[in-house]
Structures are given as structure tokens and as C-alpha cells.
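**Student:** In case you want the letters, here they are:
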Amino acid sequence: MNIQELAKDIPVEGEQALEGIDFITNGEQYLTFVLAKEQYAVNILCVEEIRSWENPTIIPNAPHYVKGVINMRGIIVPIIDLRLKFTIGKPQYLETTVVIVLTYEQDNKSRTIGFVVDAVSDVLNADQGDIKKAPSFGGTMPHHYVEGLINVGDNVVTLLSVLALQTIEEHQRHA
Amino acid sequence: MSIDLSQFIPTFLEESVEGLELMESSLLELDQESDSETINSIFRAAHSIKGGAGTFGFNDVTEFTHLVETLLDEMRDGRRKIDQDDVEVLLDSVDCMRLMIEAIRDEVTCEDDKIAQTSILLEKTLAISSHDSNKSVAADSDKIDESARTALCWQIRFIPQHHLVQTGNDPLLLFNALSDLGELSVFAKTDDLPSLSDMDAEELYLTWKLELISDCSEEDIKEVFEWVEDECELIIEQKPQGMVVNENVVNVNEEEELPSDKLSNEIIPSSGEKTLETKTNDSEKVATKAKPEVGSIRVGVDKVDGLINLVGELVITQSMLSELGNDFEMSKVERLVSGLEQLLQNTKELQESVMRIRMLPISFAFNRFPRLVHDLSKKTGKEIELIISGEQTELDKTVMEQIGDPLVHLVRNAADHGIESADIRIAAGKPAKGTITLDAYHQGGNIVIEVCDDGAGINRDVIFAKAVEKNLIDAKDVLSDSQVYDLLFEAGFSTAAEITDISGRGVGMDVVKRNIQSLGGRIQVESVHGKGSTFKVHLPLTLAILDGQLVKVGSETYIIPLIAIVESLQVESDLINRVSGDMVLYRLREDNVPVLPIYQLFELSAECKEVDNALLVVVEADGQKVGLMVDDLLAQQQVVIKSLADNYQQVDGISGATILGDGSVAMILDIPGMIALAKKIGKENSPSIIQDSIGENA
Chain D
1 MNIQELAKDI PVEGEQALEG IDFITNGEQY LTFVLAKEQY AVNILCVEEI
51 RSWENPTIIP NAPHYVKGVI NMRGIIVPII DLRLKFTIGK PQYLETTVVI
101 VLTYEQDNKS RTIGFVVDAV SDVLNADQGD IKKAPSFGGT MPHHYVEGLI
151 NVGDNVVTLL SVLALQTIEE HQRHA
Chain B
1 MSIDLSQFIP TFLEESVEGL ELMESSLLEL DQESDSETIN SIFRAAHSIK
51 GGAGTFGFND VTEFTHLVET LLDEMRDGRR KIDQDDVEVL LDSVDCMRLM
101 IEAIRDEVTC EDDKIAQTSI LLEKTLAISS HDSNKSVAAD SDKIDESART
151 ALCWQIRFIP QHHLVQTGND PLLLFNALSD LGELSVFAKT DDLPSLSDMD
201 AEELYLTWKL ELISDCSEED IKEVFEWVED ECELIIEQKP QGMVVNENVV
251 NVNEEEELPS DKLSNEIIPS SGEKTLETKT NDSEKVATKA KPEVGSIRVG
301 VDKVDGLINL VGELVITQSM LSELGNDFEM SKVERLVSGL EQLLQNTKEL
351 QESVMRIRML PISFAFNRFP RLVHDLSKKT GKEIELIISG EQTELDKTVM
401 EQIGDPLVHL VRNAADHGIE SADIRIAAGK PAKGTITLDA YHQGGNIVIE
451 VCDDGAGINR DVIFAKAVEK NLIDAKDVLS DSQVYDLLFE AGFSTAAEIT
501 DISGRGVGMD VVKRNIQSLG GRIQVESVHG KGSTFKVHLP LTLAILDGQL
551 VKVGSETYII PLIAIVESLQ VESDLINRVS GDMVLYRLRE DNVPVLPIYQ
601 LFELSAECKE VDNALLVVVE ADGQKVGLMV DDLLAQQQVV IKSLADNYQQ
651 VDGISGATIL GDGSVAMILD IPGMIALAKK IGKENSPSII QDSIGENA
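First to last, the sequence lines map onto chains D and B.
Here the working numbering is used: the first residue of the first sequence is 1, the next is one more, and so on.
Here the working numbering is used: the first residue of the second sequence is 1, the next is one more, and so on.
Possibly wrong hints are sitting among the right ones.
Unchecked claim - In silico lysine-lysine, DSS-like type, Cα no more than 30 Å apart, as pairs:
| hint | chain 1 | residue 1 | chain 2 | residue 2 |
| --- | --- | --- | --- | --- |
| 1 | B | Lys466 | B | Lys680 |
| 2 | B | Lys466 | D | Lys109 |
| 3 | D | Lys109 | B | Lys536 |
| 4 | B | Lys642 | B | Lys680 |
Since the hints were made in silico from the structure, they are not lab data.
Turn these sequences into a full structure, and let the hints guide you.
**Tutor:** If you want it as C-alpha cells, here you go:
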């Protein structure tokens, strides 16, 4: 194969980027992540940043899934372990363990909270029509956290409600 | 060219609020003897608000303020004597304007009966004035008098058909002709104005209300409208002179294009005579609805200049240090050390100057009290004088904003419970007029605000009896005066014989105390029965920075506010006493200090779990000393307080968090909160940690 043919295979700059993220697709984009073996997603517009795990400062007498607070560029951000919160999998803190920091704005007040998950996986495009209702029974996760289910290939991704996650009062109720 | 006016609206709102404050305080000073400067300043403030509101199209404010202004104008010219009733009306108007301004700020529509009522009242007052002025001040205003004797007031409703302008008639010309007959006021009504997209540029959608003061006859007026008779509906009425209100005269130019202004104001008084009452509740309701404030501070240029100088010095130090770092040798270590010292000095000064920017004189908080006392005095029928001193004492803006409500409570209490009615006062040999004193001064790193009244004082026995009745204490308890007064701050505790709408429901004092404590302050009561009482509020100067002692418990670092620490000591095991079921007390000279192990309270693992060799930090809160057991004492430093509630919520026993030099987060301990937490845990479990020294333990 000569160099000319090789050059043809290399995509022109920009083409590939479009293919990967696909701006043309309608609907919302979601960040998917993994808790144990299950796939979850949150609206990508709420994601502030993804951080690696660091030991937080303990909040005295907080529920066991509130791991503590960290300093994110001068902001005090509480850290909640979703695996403990929803009793999914084992709370291990490995190199792939990450913290997804979400910000949700409501009534002119924004709230920033970090959530510990096993790993982030992908960005998902989905129409409103792709989001199916979840059955109203079963599972350890309280149902108001679930906005719907999205089919991705053979897998099912649970779409989480950022509003419910960010409602701190919910995180006070002892599980 | 168009400028986006909306960016100036916040400034307008701020200036209006300031203007209203000025109006209010000047109005309270206003009486017969006042010089013209007082009334002029009120007038100017009203005028600026009107002008600003007009610019931004807040027409309800403009219209209302115009009425106020007219009344003020009459007072200014001497056409009207300044009497107390008028001042009351004006004070109510200020309240209404404040409601409207707040409504604009919150972007809600302001629908308050009070505004409508007050504007009716204003109009009535104005109407009376015209009569009065005609009779009493006749000598001063010959001209008005003369015209008033002969002139009639014609009210004309002019409702043209839409195609009026197409017939070649111009309303402007008609009005010009009318104004030749006498003094003409024109109000355009824009009610029928369609949306811009539906508007036909060649059609006329406006109707007018005209007021003509003239000695002409009805025929004369009809003659003017002769040419348009068939294209319009015309209602001509004669009205009594008194109802004339000098509204804005609208320049009638091109009709369809211009008027987004609704300058129509229905000047028809409502049928039933409504008496007006100050509804303090309403204004409070609006206040609580307000969004979190993003206000601004006005800073003196000298403070800013000082800051710029300091930043300059900081930059110089920084460049010196970075130059030093470029090729560093051990021989230069001396210069490095001195450079770092300079940097420390610079940052400290900079920090202090920045803090000073947030400092405002407490007069901002005190300003509302003359009005409050004025209203209270009217409501309770007691004569009360308010003396304010130390209003130049500076205080952090955040503290100031939050101390307002507790102070209002204290002043209300003083007026309602403290000051006795005049006959009782005279019987007790006191002057009939009661006095409430507000004072503020600095004391150490704190500011002290005193609310002092010369009323009946607190009756210790009544409180004691009430507390026994409410099962707060036992009848056999022996309490000191201050312990008795502290009972006042218990929830649901009120000694008022009867409940009034001002105070006495027993909600309040506990809130006052909680608010003050949440600001890191405390409240102290002194009282002499029959002579009066003094409430002293001690507050930290600022909420943003705190001197703290860093301590270690297990792997965690905590910060204890330096101001709370009495002393730190190494425990001597023979001074430890275990009493009443494994409660650990430490004998500190004469006191028995309960020991509070932080690790136990916060459910941590600690190196040092035995009290025998522990380090004890003795702290004091609410007169209660507690020994906090820690693993290690670290440095003392100033820390910047960050709220946990921003992204999380308040945590029991923790007043906030801060970021340490290494970037990690440390919690700041809230001593009263920790004691409360220990009590709570003590009640839940077997009471092993600490017991309440009041009540349970006596």
C-alpha cells in the first residue's frame, strides 16, 4: 500500500470529530456512568466536571453515604457515594473511581454536589421519545430518582433525575 | 441608536431605596418649625424617583410619586401648612412607593390595596388643599384665588373613532385650540392599543381624558370639536374645582407611534370612604418574599485608593520574590526570608483593607427605627422618644443585614412591654415620655449594640413563676438573675399580660437569640425592676474571617474559634472526677468543667480516647464552660469562613468550613451547637457525656 492510499484513509480534520460527537442528532446528550454492573446516565449539561477520587473531609454525624466535603477551587463541595446511597455494588475506592460533580440551578440558586461512581463510560444521544418509563416496582433505588430508561444496544441505561439528586434534604433522610 | 436601559434599573432601584429612606427620615423630622431645606430634600428625593421611574417606564410609580410630589410642592411653596395628618399620609405614601419599588425589583406586579387607598387619600388631601389654600392662604396666592373664583373645571372624554386621522383631523390641533380657552390637562388612555403587529399605522387607537379649567361655556368647548363631531364620542361634564389634580400634561405628538406610556390615572374616588391603616404585616410579607440579594456597596474613593496602593506594593514584592527565585542560591536565603515577611505584611494589610470595604456605619440599620418608634408610639398611645447614638460605628454589611430584624424585635418589645403608659409613669415619678436608647460601640473585636428603655424593667418573680408554670424550671431551683433573664429567650415564653398585635405571643425572643447566635454573637440582659432594662447584643465585626485554633482529632483537623477558648491544658489525672453515672468532670480551679470528647460527639476514631492524659481545650459558650478533648494542638491562624449551607446544609456543631494552606477542607466548630448536640445525644443514649447544668442537674 503506497502512501497515497494511506492518506485517503486518514480523515480530514473535523470530519472525525463530527462523526464522534454527532452534533446533528436531535435530542439531549447524557453522560453515562457505571455503578457495579449497571449503566446510569445524567443530563450532560448539569455536569460541572469529573474528578478523580480524593479523600474528603468528614462531615460529623452525616449519613453514611455522605462521604464529606472537598475543596473545588475554593468552593466547598459535598461528596455523596451513589453506590452507598442506592446500595448498588461495593464502595471501593480504586484508581478508576471518579467523582462526577453536578451543578443544578433552581430559583437563582445553584447547588454543586459531587457523586462517587465506579467509572464514567460514554456520552449518549437520546430523544425524548427514546426515554421509556421505568416500572414502578422493584429495585433498591427510590423511584423518584429515576427519570426513565434508555435502550442502548442490548443494554438498558437508567436516566437519573438531577433535580432529585441535588435535593439535599433527600440526602439527609437516613436510608 | 438605542441604549439598553434595563442595565440601569438596579441602580435606579438602589437609588430609589436610598431616596425613600431619606424621605422617611426627613419626614419624621418635619414639623412647623422645620426650615425649607428639610422639605426641599424630601421633594428632591421624590422628584428623582419620579424622574427615574418615568425613564424606565414604571408608570405606576411615576403616577403615584407625582401625587406625592404635588403635595410636597404645595408644602414647599407655603401654600399648605405642614400638619401631622399630611405627614402621616406622606409616610404611608413612602411605604407604598417602597412596596412598588420592591415589586419592580422582584419582577412581580404589585397589587396592594394599600397603594390604591393611599393614592385616593393623597388625592383627597390635595383636593382639600385647594379649598384651604383658596380661603386661608388667599393673600399669598392671589392669582390662583382669582382664577378659582370664576373658573370651572370641565372634564371632557374624547373618544375618537379609529379613522379620525384619515379625515384630516389632528387631535393635537383640537387640544391646542382648547388650551386657548384655559388651563388644559390631557390624559391619554392607551387601553385599546392593539399589539404592535396588529397595529395599523393610519388608525388612531387612543382616547383622551381632558381637564379644562376655564370660564368658558359648554358651547365654547363643543365648538372646538365641531369638525369631528361625527367621528367621535364626546362627553363633557362640569366638575367641582376641588377635584383638579395637576397631572402630567402629555405632549400630544404623533399618537400611534409613541405611547407605551400609560399616563391615564383614574381620578375617581371610590364610593365608600376607606380609612387607611398602616399594615405593617403587608410590608413584612413582601420583604420576606424578596429574592436573595445581590446588592452593591458604595465605597469611598479613599478606601479604593488605599487598596490600589496596597496592590501596587504587593506586585512589587511579588516581582522581587520571583526575581529572587530565578537564580536562587543559599546565600540569598536572608533576602528570601525578608521578602516573604514583606509578602505576609502586604497580604495582611490588603486583607484588612478589603474587609474595611464591607464595613458600613450602623446608621444603615438604625435608620428605620425613628419610623418604627413613631408608628409604635401612635399605635400604643404611649409617648416614646428614641435616642440614637454611635451610629457611625462600623459593622460588616452581612452582619448588618441580619441584625435588623432581631433589633426590630427588641425595640418593639421595649415599646410594648418596657415603656409603661403615661399615667403609670407619672405615678411612678418618671417623666410621662418614655425613652428608648439605641447605642452601638466597639469593644475588643466585637461590636456591642444596646437597646435600652426606661420602662418597668423585668419582673424577676413573674418570669420565675411563669417558668415554673411552663415546667422549664423547678420551683425549688435557685437561679441567678442572668439565668432568670435567659428564660426570656426560651421558645413560647411570654410574660405579657395580654397579647397585642405588636408583641406578646412569645415567638420572637427565641428567634432573636437564635439569629444572634447564628451570627456568632450573644445577647445579654440587664434589668432593674421599675427602672428599665437593657439588652446588649454582642456581635463579631465580620463574618468572613475568624481567628482560629487548629486542633487535631484522629485524622481530621478542626478549628476552634479563638474567641471561645478560655485556656488549653494537659489533663492531670487526679483532677478528673466521674460523677452521676460516668459523667467526666475536670476540676479547673473552682469550676467543674464537663469533658466533651470530640471523637465521641462526631463519631470519629481518635488516637487519644482516654481522658487521663488528654489535651483539653476549655471553651465557653452561653456562660457554660466545656472541656473539648483533642489529640493535638496545631497552629493558630486566621481562616476564611465558607458556608456549608451553600451546597450542603447546616450541620449540628459546625459553624462552617474553611480551606487550609494545603488545600484541604477543615470544619470550624460551633461551640454552642456542640453543647446542644451533646445534650441531644445525651438524651438519646444514656446520659454519658454531659448533662444540662440547668434544670436536670440541679
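**Student:** If a hint holds in the structure, say so; if it does not, say that too.
**Tutor:** Verification of the supplied hints:
Of the supplied pair hints, the one linking Lys466(B) and Lys680(B) holds, its CA atoms being roughly 25 Å apart against a limit of 30 Å. Annotation: proposed proximity of Lys466(B) to Lys109(D) is violated, straight-line Cα distance about 44 Å (limit 30 Å). Annotation: proposed proximity of Lys109(D) to Lys536(B) is violated, straight-line Cα distance about 35 Å (limit 30 Å). Restraint check for Lys642(B) and Lys680(B): the C-alpha separation of about 26 Å stays at or below 30 Å, so the hint holds.
In summary, the numbered hints that this structure violates are 2 and 3.
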